[in-house]
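Q: These are the residues of each chain, in order.
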Amino acid sequence: MTAVALMTARLLRRAWAGLVALLVLVVLFELVNPLVAQSLGGPEGLEPFLRALPPAFRAIAQVAPDNIVRAGLAGYLALGFTHPLYLTLASVALIGFVARALAGEMERGTIQLALARPISRSRVYAARVCGMVLVALALAAAGPLGMIAGLGFTELRDVIVYDRFVPTATAGLLLFWAIGGLTLLGAAAADTTGRAIAFATGVLVISYFVDYFAELWDVLEPVAPFSLFAYYDPFLALTRGELPVQNVLTLLLVGLAGTLGGLVVFARRDLPS
Amino acid sequence: MIQARGLSKRYGEVLALADLDLDVPAGIVYGFLGPNGAGKTTAIRCLLGFVKPSAGSAAILGHDTWRDGVNARRDLGYLVPPDAFYPDMTGHAQLDYLARLSGKPPALRAAMLDALELGDDALGRRIGAYSKGMKQKLALVAAFQHDPALLILDEPTDGLDPLIQRAFEDILRELRDRGRTIFMSSHDLAEVERTCERVAVVRGGRLIAEETVAGLTRRNRRIARVVFAADPPPDLVLVPHVAVVEHVGRRVELAVERDVNPLLRFLAQHEVAELSLSPPSLEDVFLAFYGDGAAEDGADGGAAAVAANGRAGAGSRR
Chain A
1 MTAVALMTAR LLRRAWAGLV ALLVLVVLFE LVNPLVAQSL GGPEGLEPFL
51 RALPPAFRAI AQVAPDNIVR AGLAGYLALG FTHPLYLTLA SVALIGFVAR
101 ALAGEMERGT IQLALARPIS RSRVYAARVC GMVLVALALA AAGPLGMIAG
151 LGFTELRDVI VYDRFVPTAT AGLLLFWAIG GLTLLGAAAA DTTGRAIAFA
201 TGVLVISYFV DYFAELWDVL EPVAPFSLFA YYDPFLALTR GELPVQNVLT
251 LLLVGLAGTL GGLVVFARRD LPS
Chain B
274 MIQARGLSKR YGEVLALADL DLDVPAGIVY GFLGPNGAGK TTAIRCLLGF
324 VKPSAGSAAI LGHDTWRDGV NARRDLGYLV PPDAFYPDMT GHAQLDYLAR
374 LSGKPPALRA AMLDALELGD DALGRRIGAY SKGMKQKLAL VAAFQHDPAL
424 LILDEPTDGL DPLIQRAFED ILRELRDRGR TIFMSSHDLA EVERTCERVA
474 VVRGGRLIAE ETVAGLTRRN RRIARVVFAA DPPPDLVLVP HVAVVEHVGR
524 RVELAVERDV NPLLRFLAQH EVAELSLSPP SLEDVFLAFY GDGAAEDGAD
574 GGAAAVAANG RAGAGSRR
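Just so you know, the sequences run in chain order A and B.
Using my numbering, read the first sequence as starting at 1 and increasing by one per residue.
Using my numbering, read the second sequence as starting at 274 and increasing by one per residue.
Rather than coming from a laboratory, the hints here were simulated on the basis of the structure.
From a predicted model like this one, the values you see are computed outputs, not experimental measurements.
For every residue, glycine included, the Cβ atom is placed at its ideal position computed from N, Cα and C.
There could be a bad hint or two in this list.
Claimed, not checked - Computed footprint of chain A on chain B, listed as stretches where at least three residues anywhere in the stretch have a Cβ under 8 angstroms from a Cβ of chain A:
| no. | segment |
| --- | --- |
| 1 | 319-328 |
| 2 | 352-360 |
| 3 | 363-375 |
| 4 | 466-474 |
Said to hold, decoys possible - Partial pick of chain B residues on the chain A-facing surface, computed with a CB cut under 10 angstroms:
| no. | residue |
| --- | --- |
| 5 | 282 |
| 6 | 284 |
| 7 | 314 |
| 8 | 415 |
| 9 | 416 |
| 10 | 419 |
| 11 | 425 |
| 12 | 514 |
To be verified - Just the calculated beta-carbon pair ranges, DEER-fashion:
| no. | chain 1 | residue 1 | chain 2 | residue 2 | range |
| --- | --- | --- | --- | --- | --- |
| 13 | A | 48 | B | 399 | 51 to 59 angstroms |
| 14 | B | 428 | A | 252 | 41 to 49 angstroms |
| 15 | B | 344 | A | 268 | 37 to 45 angstroms |
| 16 | A | 13 | B | 390 | 26 to 34 angstroms |
Excised from the complex, chain A in its bound form:
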């Protein structure tokens, strides 16, 4: 096993309990969604429910209300991937892991275990990137798998096109990659876990509310493209199986810029004493 793989495995092992708990919560949250849809009467019963949703709640879906109604069950289920609870659980898992793996290890001095050996900073950093990608993959898969499992418990299982969970998971992965990249940048520059988490959470919360309020108030529309969530569209993925190229490229580039920026910062910085 190479040093990078060894370090990645160690980071995941250390964070294992917390990550598994959050992944289980993500799975359970998405598993419940089809059950709720069935309790509301399936595709037919959802329409009056969706029409009754207040605008502030419909803004969470980032989709025009009529479109949600027209999309029926898939439109309703897509709400599960833009719901603040889902995004919070996934972000806590990802940001917490990355912040502890880099800033946390610098804060505790644990990173010296590797850096006192013939291992370059770029390899130490690469282990954190690998860990981040694996956590992002697990989170991106957990939601759709939970929802598929939930559908299995209902009579709605034949109403949905399962292939569309692939682009839905991909949309999630791209969002998590971007969040992970920005968190790596913050963690590379920070001396403590707290500062890294504060930076990443700050960026994410601002990004979320820019997108949310731009959906509610037309005057904020010009700033919407500055939000990560403007490029995250699980509704389109789950209802039509589409993943816009612009969204893919933007999130890929944001994640890449954050990751490379973090590498440059980490390679040049002093370790905290």
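Following the hints, position chain B against chain A.
A: Structure of chain B alone, referenced to chain A:
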């Protein structure tokens, strides 16, 4: 083995390390001394590539520690702070993990565990449950286990009981005899005196002395206690390098700077009932360097230290 040229490190306004020149030859135990905040740890962090020098450079086996850190650390063992270990790992798992990262077999692990009395029972427990002393032992095993050519140890015996400290000193001597180089900082001056051949003394981020332990102690003052057969001769105060510290009846306590021969020649001309000459200890030297309570941190303190060094180096006790 280790070479530093003009090595400096500034943290904002604070000059933690100033213009350090150091040459540590292979095959010796080298002490790196100084009070808290003197710049020892900063120098060690520069050697390990943990911080980037603000000026100057350091090299290990010819490899620059910042630009070519991987090669500089290729055959190095470093004593990590005891709290740096993963608390969820067992001692065994931690040592295995570090051996794999080092890329060298843990040839010295069994001998180190035996010498430091760290048994299988302890190694099977999570490190989070270790005492400070056990973590320090584990850190020592981790640093030594792959038998590196150079060991950099920051306060290696901190938290160890006296018996283990002595066992550790034996290990250092054994490794030195096998050609290994040990660069260590310590507050335990008696330990440094017992184990180190050469020492560097830093203060205020600056090097203020660098020589063999024997040379350093030799140039410090000694205390001579003389009991004359009759009243002490009045011209005793005229003897070069000698100052009377205490005079009670026929008994005189003298401070002898550097050279004792003028005193011995003087005493040979008189009837002496008793004579004792205490050798200066490294602690005396250390106190001579730092005993004036001057500021220790930063460039200003360092400048003061350099000025003070002229006096201390000449053997004056202040």
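Q: With reference to the structure, classify each hint as holding or not holding.
A: So, going through the hints one by one against the coordinates:
no., hint, result
1, 319-328, "holds (count 5)"
2, 352-360, "holds (count 6)"
3, 363-375, "holds (count 5)"
4, 466-474, "violated (count 0)"
5, 282, "holds, 9 angstroms"
6, 284, "holds, 8 angstroms"
7, 314, "holds, 7 angstroms"
8, 415, "holds, 8 angstroms"
9, 416, "holds, 8 angstroms"
10, 419, "holds, 9 angstroms"
11, 425, "holds, 8 angstroms"
12, 514, "violated, 44 angstroms"
13, 48(A) / 399(B): 51 to 59 angstroms, "holds, 56 angstroms"
14, 428(B) / 252(A): 41 to 49 angstroms, "holds, 47 angstroms"
15, 344(B) / 268(A): 37 to 45 angstroms, "violated, 19 angstroms"
16, 13(A) / 390(B): 26 to 34 angstroms, "holds, 29 angstroms"
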